[in-house]
Each structure stands twice: as C-alpha cells, then as structure tokens.
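2 protein chains.
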Amino acid sequence: MGYEEVVRQFDPWSSFLIKDYDKLFKAFGIRPLTGELISQLPTSHRLLRRRIIIGHRDLERIINAIREGEEYAVMSGIKPTGEFHLGSKLTAEEMIFFQKLSNKARLFYCIADVEAYNDNRQSLEVSSKVALNNVMDMLALGMDPRRVYVYKQSEEVRVLRLASLLSRDVTYSTIKAIYGEKSFGLYFSALIQVGDILLPQLPDFGGPKPTIVPVGVDQDPHIRLTRDLAKKHEKDYGFLLPSATYHRLVRDLTGREKMSKRNPMGMFTLTEEPESIKRKIMNAYTGGRPTVKEQRERGGNPDICMIYELLRVHFEESDEALRELYYKCKGGEVICGECKQLAVEKVLKWVDEHRKKREKVRDLAERLLIEHML
Amino acid sequence: MGYEEVVRQFDPWSSFLIKDYDKLFKAFGIRPLTGELISQLPTSHRLLRRRIIIGHRDLERIINAIREGEEYAVMSGIKPTGEFHLGSKLTAEEMIFFQKLSNKARLFYCIADVEAYNDNRQSLEVSSKVALNNVMDMLALGMDPRRVYVYKQSEEVRVLRLASLLSRDVTYSTIKAIYGEKSFGLYFSALIQVGDILLPQLPDFGGPKPTIVPVGVDQDPHIRLTRDLAKKHEKDYGFLLPSATYHRLVRDLTGREKMSKRNPMGMFTLTEEPESIKRKIMNAYTGGRPTVKEQRERGGNPDICMIYELLRVHFEESDEALRELYYKCKGGEVICGECKQLAVEKVLKWVDEHRKKREKVRDLAERLLIEHML
Chain R
182 MGYEEVVRQF DPWSSFLIKD YDKLFKAFGI RPLTGELISQ LPTSHRLLRR RIIIGHRDLE
242 RIINAIREGE EYAVMSGIKP TGEFHLGSKL TAEEMIFFQK LSNKARLFYC IADVEAYNDN
302 RQSLEVSSKV ALNNVMDMLA LGMDPRRVYV YKQSEEVRVL RLASLLSRDV TYSTIKAIYG
362 EKSFGLYFSA LIQVGDILLP QLPDFGGPKP TIVPVGVDQD PHIRLTRDLA KKHEKDYGFL
422 LPSATYHRLV RDLTGREKMS KRNPMGMFTL TEEPESIKRK IMNAYTGGRP TVKEQRERGG
482 NPDICMIYEL LRVHFEESDE ALRELYYKCK GGEVICGECK QLAVEKVLKW VDEHRKKREK
542 VRDLAERLLI EHML
Chain X
182 MGYEEVVRQF DPWSSFLIKD YDKLFKAFGI RPLTGELISQ LPTSHRLLRR RIIIGHRDLE
242 RIINAIREGE EYAVMSGIKP TGEFHLGSKL TAEEMIFFQK LSNKARLFYC IADVEAYNDN
302 RQSLEVSSKV ALNNVMDMLA LGMDPRRVYV YKQSEEVRVL RLASLLSRDV TYSTIKAIYG
362 EKSFGLYFSA LIQVGDILLP QLPDFGGPKP TIVPVGVDQD PHIRLTRDLA KKHEKDYGFL
422 LPSATYHRLV RDLTGREKMS KRNPMGMFTL TEEPESIKRK IMNAYTGGRP TVKEQRERGG
482 NPDICMIYEL LRVHFEESDE ALRELYYKCK GGEVICGECK QLAVEKVLKW VDEHRKKREK
542 VRDLAERLLI EHML
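Each protein sequence line maps, in turn, to chains R and X. By the count of this note's numbering, the first sequence reaches residue 555 at its end, each step adding exactly one. By the count of this note's numbering, the second sequence reaches residue 555 at its end, each step adding exactly one.
This is chain R alone, in the form it adopts within the complex:
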C-alpha cells in the first residue's frame, strides 16, 4: 500500500472503507487496544469487549487519571448536518462511557457548525436547529448534563483564536501530506478541530489535562495534526498530547460502504419512523443461503451478516444472547426471516424508548445550548 493510498483510506471526508487496519495502525503509530489494557478500566462496555473500539493512542494517560482521581476531559462532537444515526450513536456512547468512568471527567461537546458550512455548505442557522436535536440525543443516550460544556465552533472565540494562532506552525506541505489535496476551507476546518481538541486544556478550563478523544479511525488525521501542534506548543501552553480511542468503520446495512448520510438506505436515524426502519432492516444484507432448505442444512454466515452486525454493535447488550444467536445461525437453527424479525423488534423497542427519553430533555438541551454548562 503506497503512501497516497494510505492517505486516501484515512480520509475524514470520504466514504471509503478501510480494509487493513494493522497496516494503517503501524504506518501511523496507532496502537491496538489489548484485552490487558481494557481490563484496567473500572467498568467495561460492549464496544470494547466486542472489539468495535480497536485502537488507541496514550489511553494509559486516561487510565492513570482515573486511578489517581485526577481531572480529565472527554472531547468530541458532531457535524450538525442531520439527525443522529447509528454512526453518531457510536461516538456518542463512547463519549458518555468515558464521561461516566470518573466523577472527575468533564465532557466537551462541540457542534461543528463551521465544518458543516465549509464541507456541506450548510448555513449556521440550519446548524443551530439541528444542534438542538443532537444535544437532545446526547442527553437521551445518558450524557450527564452537570459535567459537560456544549458549544458551537462559530461562537467559541477561544477555539477560533487557537486555530488562527496555530495556523502559524502549519505548512501547506504538512497539511497536504496529512489530508491530501483539499480546499482551503477544509484545511481550515481541520485547524478548528485542533482548536476544539485543545480547548479543554486552556486556562479558562483549568489548564493542561489529559484528554480522551473517541473517534472513528478515519478521523485520525485530526488527531495527528492536533498532537503535532500540541507538541510544538508544549512550552507556551503546557499542552499534554491528547489521547484517543479508535473504532472500526461500520459498514452500512447494505454491507458495502462505510456508513454515511450519503446512502440513506444503508442506515437509519434514531428518530426515524418505525415503518421506515423496519423496511431498511428487512432489506439488509445477510449471510443467508439461497434457499431456506440449504440454510437449515449448511447454516448461515453471521460474520458477513449486517443484521448480526447491527445487533452486535448496537442493540444486543447481552454477550451471552449474542453468542447464542451466532451459533444458532451457524447451525441453521435460526434463519434470516426470524432473525430480521427479532432485530426489528429489538430496534423498534429501543427507538421508542429513546424517543420518550428525548421528549423529556428538550428544555434542558435548549438551556445547555444557551448557557453552555449548568
């Protein structure tokens, strides 16, 4: 794999699916997330146990902060170009997991409205409306509103200032090497993300501290650029290099592409109509055989099945139930129609509960967007 190809695979703005994690991790210095490291966290999470989160940088620094009862920041955000979907849910759950690991953790939740403007030509007004929905989803998913700082990039002068100042230390060739040939606006969006990630370490928020940034592996260019610039400003700002965890890119329901808002049949949002969700699940790509008879005899293939993937990544919390389903599928005991029905029931139940939780937090979300913190 040539360098160009590596850069193309590691592209936060493309829908290209990564094929070989080991090679990418080695090329860029991401370390595999080992069972030993996972066991040092105070509680577990299905995304860790099931190897959806597969890599990290300096997670030890966060484990240490938890152990010592020291403050740390959890930093991530959302590009407010639509409702929460399965992909946003993944990052959201990771953020909330890290927020809950210690009462010294504080979540920084960024609404990337400048990136939405530069990458998607979406106005700040539209972003503002979508942001309310996104914050409601975060709260419904369990974000603790007492330990969070919520902001929009376009309104956070400290982020924009940091991006403007750090731009001094970025050459065109560096940024081109990291992101490939992109527009000036996207390059600057990248610098603003650097500002986002370093915001928790500014004096207004108590100065340098460990920071964990849970992202999909395609977002690593931002982490690399941030760590590079944090290192260049260790002396003046005292920045610690931010830590990160990386989850796999999840294929969509059609089984072919990186999940993306660009292919609506391959994913669904957390507030989508039940009928629509059902139809998408019923049409998902599975590991079934051409006939029921053949499937009963030879068994299905859960390893390539998007229904199994949906349950494994998102909707089946019980490891035991998941394992049982896996072997029943392999043994031909359960066939695709039954399994899809099970998935539809589980998902619609979850979505219904989520909808109810969302309704209760609308006022709180509005307040957070105005007051930034409680």
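Check the hints yourself; a few may be wrong.
As the list makes no split between identical chains, a pair holds if one copy fits it or if it spans any two.
Said to hold, decoys possible - List time: in silico DSS-like cross-link candidates among lysine-lysine, alpha-carbon distance up to 27 Å:
1) Lys541 / Lys207
2) Lys416 / Lys363
3) Lys413 / Lys310
4) Lys538 / Lys459
5) Lys270 / Lys413
6) Lys474 / Lys442
7) Lys310 / Lys416
8) Lys541 / Lys459
9) Lys270 / Lys310
10) Lys413 / Lys357
11) Lys357 / Lys511
12) Lys281 / Lys537
13) Lys207 / Lys357
14) Lys412 / Lys363
15) Lys270 / Lys281
16) Lys390 / Lys413
17) Lys439 / Lys285
18) Lys281 / Lys474
19) Lys357 / Lys509
20) Lys459 / Lys527
21) Lys413 / Lys363
22) Lys416 / Lys390
Hints listed in this document are in silico derivations from the structure and should not be mistaken for laboratory results.
Chain R is already provided as a structure; the job is to place chain X on it using the hints.
Okay, now just chain X, sitting in the frame of chain R:
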C-alpha cells in the same frame, strides 16, 4: 514586468519598493485619484493635494454617502509590533480624515494581534501592551472617540468566524496567485483581514454599508481578496464591495527603501527621544551638492531629497511654505544644513506637542480597549 514580478512588488509582507505605479494600477484595476474626484470631497488634505494618496477603488461610493448623509465605515488598523512611526502616522491620518468628513462616519480600528503572532511571532500579551500605545497615538492624532469601534483580532469572534466561513470559498491556487507562496499562517492572517474589512457590514453594526479602507498600495492584495469574497457573498450577507484609497510607499530617510521597522535609521517613531530624531534627520539623504559653493551656484535637488520629502509628506502643512522651500532649494538660496535645521525644529515641535496630547488620553485609550466603544 511578468506576473511573478508584479506579485512580488505587491507584497504586504515585504520591504520591496514599488517602481511603476501606472503599470501596477492597470494590472489590478486600481484607478488613479484625479483632481476632479478630490474636489468632490467636502474638505481637502495635504496628502491628497500633494499626491501622496494616488489611487482608489470606488471612492465615488463614499463621496456619495457623504453627499447623501448616509452612514459609512472607515476601516483600517495596525499590526501592534511597535510604536507608531512615520508610516503608521500616514494611515492614521487618512483614517481620521475620512472619519471627520461626515458625522455619519464610524471608524473601525483593528489591532492585528493575530497577524503579529503569525508574521512576527509576537505573543498576544506583548501585542496588548503595544496596542495601548497605538490607541493613544490615534487619539492624539485626532481620532474622535465617540464614533469608533476598537478591537483586537484575537478577541473579536465575529471577525474570526467570518474568516473561518469565508475560507470555504478560497482555493489554494487563488490565494497563491494573490500572495505568492507563503505559509499557511500568513494565508490565514490574510483571511482574518478580510473578516476585519467586512466586520462593519455585519448585522450587529447595522448591516451593509459603504466602507473606505485607506492603505498603502502594498496592501492591495488584501483589498482584492476581500472584494472577491464580498462579491461571492453579496447574496447571503448583502455585502457592498469595500472602497479603498492607496498611498505611495514612502522611502525612508536614507532614501533607499520602503519605510519599515526593519531599518531603524531610516525612520523614527512618534515617541522617540528628540536627540535620536535629530541625529536621524541630520543624517538623512538629501539632494545637495558636494560643496556649499557648488550648491549655491547650481542649486539643490528637492525631488530626490528626503528632508524635503519629510516636510512634504508629514510636517509642513502650508502649501505655500512648501512651494517656497522647493524653489529656494532649486535656486541655491537655502542649503542642506539650514534646511535640516528647519526640519529638526519643526519635527521636534510636532513631536513635543504630540507627546503632550498623548499623555492626556491614556485613560481614554485604556477604556476604549476594554469597552471597544464609548
């Protein structure tokens, strides 16, 4: 003159002296400032009469606003990397002139501390201290504090936001064509200047309005980039294309280079010690002859004399006195020693008065930097 050479001459960050204004003006669409246009302004100014200000873009729009009693903005600023010197005085006087032309004019005074950081590696703390001195100079030079908005780039979220959003519409090739090959930080400083120039037209300041930006001709790349981006956002923001006036680049006292902080013997600051100013004037490059005898016989050459230039551009308000000096020099009636003595007296008197005015406005300057406007 090839394109590369044109770009090199029009470089806001170099100390290269422009040789052929006509060619540059034609290449970039700057129009010569005619006597007819000057006569349409309600009052005159020595910098206009003496053709120090030589070019403009859309000055008619400002003349019209004055005539109709409509609001307009005067926008410029300073990179706070040192005390006011003769060059900063020039731009300052132009700003103040345009501010005083109408009671509907409002001055926007920008402290370009992000540019000082990116171009000169100067910290925001140092810029903040220098800025106080600069605002004191502005007030001593006659800036009306009741119709001004003073701000630092690093603290004005609306400017940083505008720069971030407008970056979407800038390609690397466009910005390279305008500025030549520069660092990412300087490109972004340029975008922040675009934000500065368009700030007066944002809704918070009453929306779209004519804006005049008095600059040295070397700053035209900023004006061009701004007008290009303002045009692209005519629909969403309603921006009017900003107008500009251009002054010649003034040679320094040694007669050789564009006046610059980089060559301290060629210029002096408005707060410099009298002894030091005197020494620099006494050492200035003149149009004198090798011997006094020869000068008495053949006369001096005021056209190449930096003492004459100093009086013409800065310190002799009377056109008549200036004309008289010119012909006396040509006719050998006054020789360099006498003329230098006259210049020293005039300059030191001016500097002394300026110093006294400055002392009276320190509190006011401090207030403006905190409250931004009165």
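*Can you list which hints this structure breaks, lowest number first?*
1, 5, 6, 11, 17, 18 and 19
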